[in-house]
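In order, the protein sequences belong to chains C and L.
In the numbering used here, each residue's number is its place in the first sequence (first place is 1) plus 1241.
In the numbering used here, each residue's number is its place in the second sequence (first place is 1) plus 1241.
One thing to keep in mind: the hints can contain errors.
Since the list can't tell identical chains apart, any single copy or any two copies may satisfy a pair.
What the hints assert, rightly or not - Pairs of lysine-lysine residues, derived as DSSO-like cross-links and limited to a Cα-Cα distance of at most 27 Å, are as follows: (1) Lys1349 to Lys1257; (2) Lys1289 to Lys1374; (3) Lys1346 to Lys1450; (4) Lys1374 to Lys1449; (5) Lys1289 to Lys1256; (6) Lys1288 to Lys1305; (7) Lys1378 to Lys1452; (8) Lys1449 to Lys1264; (9) Lys1414 to Lys1353; (10) Lys1264 to Lys1450; (11) Lys1378 to Lys1346; (12) Lys1305 to Lys1264; (13) Lys1346 to Lys1478; (14) Lys1449 to Lys1268.
These are computed hints drawn from the structure, not numbers from a lab.
Keep in mind that this is a model prediction, so the values were computed, not measured.
Given next are the chains, with one letter for each unit.
Number of protein chains: 2
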Amino acid sequence: MINVVKIGGEIIDNKKLLIYSLKNFSKLDGSKILVHGGGKIADIFSKKMGYNNNIINGRRITDKTTLDIVVMTYSGLLNKRIVSKLQSLGLNSIGFSGADGNIVKSYKRPIKDIDYGYVGNLNINSINTDLIKYMFKIGIIPVLSPITHDGNGNLLNTNADTIASYLSISLSKEYKVILSYFFNKIGVLNHLNDEKSYYSKIEENLFKKLKNKNIINKGMIPKLENAFYALKNGVYKVTISHPNYLNNPTKKTIICL
Amino acid sequence: MINVVKIGGEIIDNKKLLIYSLKNFSKLDGSKILVHGGGKIADIFSKKMGYNNNIINGRRITDKTTLDIVVMTYSGLLNKRIVSKLQSLGLNSIGFSGADGNIVKSYKRPIKDIDYGYVGNLNINSINTDLIKYMFKIGIIPVLSPITHDGNGNLLNTNADTIASYLSISLSKEYKVILSYFFNKIGVLNHLNDEKSYYSKIEENLFKKLKNKNIINKGMIPKLENAFYALKNGVYKVTISHPNYLNNPTKKTIICL
């Protein structure tokens, strides 16, 4: 059994919640991997440097300067803070960008209507499971930041939910994999401000309905798409939940086919 | 035989020279490790963010903001750029801060006359050679950034020359180790602007004389102290040279006892 845990930006931006998440993560039995997103820190540094993010149709464009800033903040500051904190909790971990050990290889997103810039897409061969298996063998916990590489010397900004999904799928060929998406809500909510309105499970038909009604929108759409994609491709279980309830079997949204 | 190669800030600040150094590094036979310094990039980002470096008596103080900036730039931007470039040269490498895999554990420099802030000192037990040996075994090249950790969740800024020296000493218990310091000169020069004036070798007595005459000064003093310390503690060979002459046995300064 392998646990793949993804912590989102809302958790990373909240120091207390981040520490709490890492403590709960540290209590999980067996082999495990942490994948983290970015949060607001890249935007904060961009603004401090007087740099305006390039946003087209509401989507962020990763130009050269933005790439440098996300590499610094995600693979530098956040990744190393998380690793040093895990070390202090007694968990020997190594922080990886996708370039390290060629652990996640991507290709630059093709230009259709919009050129997203230095953004990496994944495919089914992107994950180097050999290195991950070796880490498991020597008792080291991989901590993946959402930066990948194309193998030609270029780093690329990549969605952390997607990395967690593809990673889980690749590992599920050899292991039973549980993929947990952590964010700052108890689960997928029907009413954004009512924690009690969470769905204990979401099937694909319900997802489509909620999307049509705009109850599931913005970043929750690709998160759920990644969740369904993982389930359809061999991952044993996928949940979306708050780190408080990691070990509570009911207080979470379970994704079902 | 293990090659430990340290590339300094002068090389990192010069893109062409950096690529050239990595290419020459890639040609070295056998197991090898790259240690890199910081260069001017942290200062550039500090200035862009309107943050003035805290300098007392000519020495940089690593306060909390400076620590964040050096972690971002050294372990994030520079380390990942180097790793992705090595990958494109066919060298499977993993970038490490000292926190990753607990590879370099340090302790906060004690306050004497000056509080240097979040700066880490090393001791003889700082280097986790077990992990490095694993990396050699699976053919992965470690790339170390000059950020370490204290084991209690704190990252610390650490001199890259010192990391290279202690790393070489620790490995020399089991291997024959060659430590090469790369910078942008052919070797230690008698006249700063005359490349022909390099010393082909420097013994400790000569070092003392050159230091007294102020021919060796500033950052070259700790570099040479680290070089002598390595030699005295089991490292087979220590040289200071330009990456152009990596494989030229004469165009470099060899450190001798």
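When no copy is named, should Lys1305 and Lys1264 be tagged within, between, both, or neither for a Cα gap of at most 27 Å?
between (35 Å within a copy, 24 Å between copies)
Within a copy, between copies, both or neither: which one fits Lys1378 and Lys1452 at a CA-CA cutoff of 27 Å?
Neither, since 42 Å and 50 Å both go past 27 Å.
Since the copies are identical, ignore which copy is meant and state whether Lys1449 and Lys1268 lie within 27 Å (CA to CA) inside a copy, between copies, both or neither.
Result: close neither inside a copy nor across copies, 35 Å intra and 55 Å inter.
Between copies, within a copy, both or neither: which fits Lys1449 and Lys1264 at Cα up to 27 Å?
For Lys1449 and Lys1264, neither the intra-copy (35 Å) nor the inter-copy (52 Å) Cα distance is at most 27 Å.
Status of Lys1353 relative to Lys1414 across identical chains (alpha carbons, at most 27 Å):
Neither. Shortest intra-copy (33 Å) and inter-copy (57 Å) distances fail the 27 Å Cα cut-off.
Are the CA atoms of Lys1288 and Lys1305 at most 27 Å apart within a copy, between copies, both, or neither?
both (16 Å within a copy, 19 Å between copies)
If the cutoff is 27 Å on CA atoms, where do Lys1346 and Lys1450 land: within, between, both or neither? Let me know, please.
neither (34 Å within a copy, 53 Å between copies)
When Cα atoms must be at most 27 Å apart, do Lys1264 and Lys1450 count as within-copy, between-copy, both, or neither?
Answer is neither; intra-copy 36 Å and inter-copy 55 Å both fail.
With 27 Å as the alpha-carbon cut-off, assign the pair Lys1378 and Lys1346 to within, between, both or neither.
The answer is both: 22 Å in one copy and 23 Å across copies each meet 27 Å.
Tell me, please, which holds for Lys1289 and Lys1374 at an alpha-carbon limit of 27 Å: within, between, both or neither?
Classified as neither: same-chain Cα gap 40 Å, cross-chain 42 Å, threshold 27 Å.
Taking 27 Å as the upper bound on the Cα-Cα distance, should Lys1349 and Lys1257 be classified as within, between, both, or neither?
between (35 Å within a copy, 24 Å between copies)
Quick one: Lys1346 to Lys1478, C-alpha cut-off 27 Å, is that within a copy, between copies, both, or neither?
within (25 Å within a copy, 37 Å between copies)
Violated hints for the displayed structure, listed by number in ascending order: 2, 3, 4, 7, 8, 9, 10 and 14.
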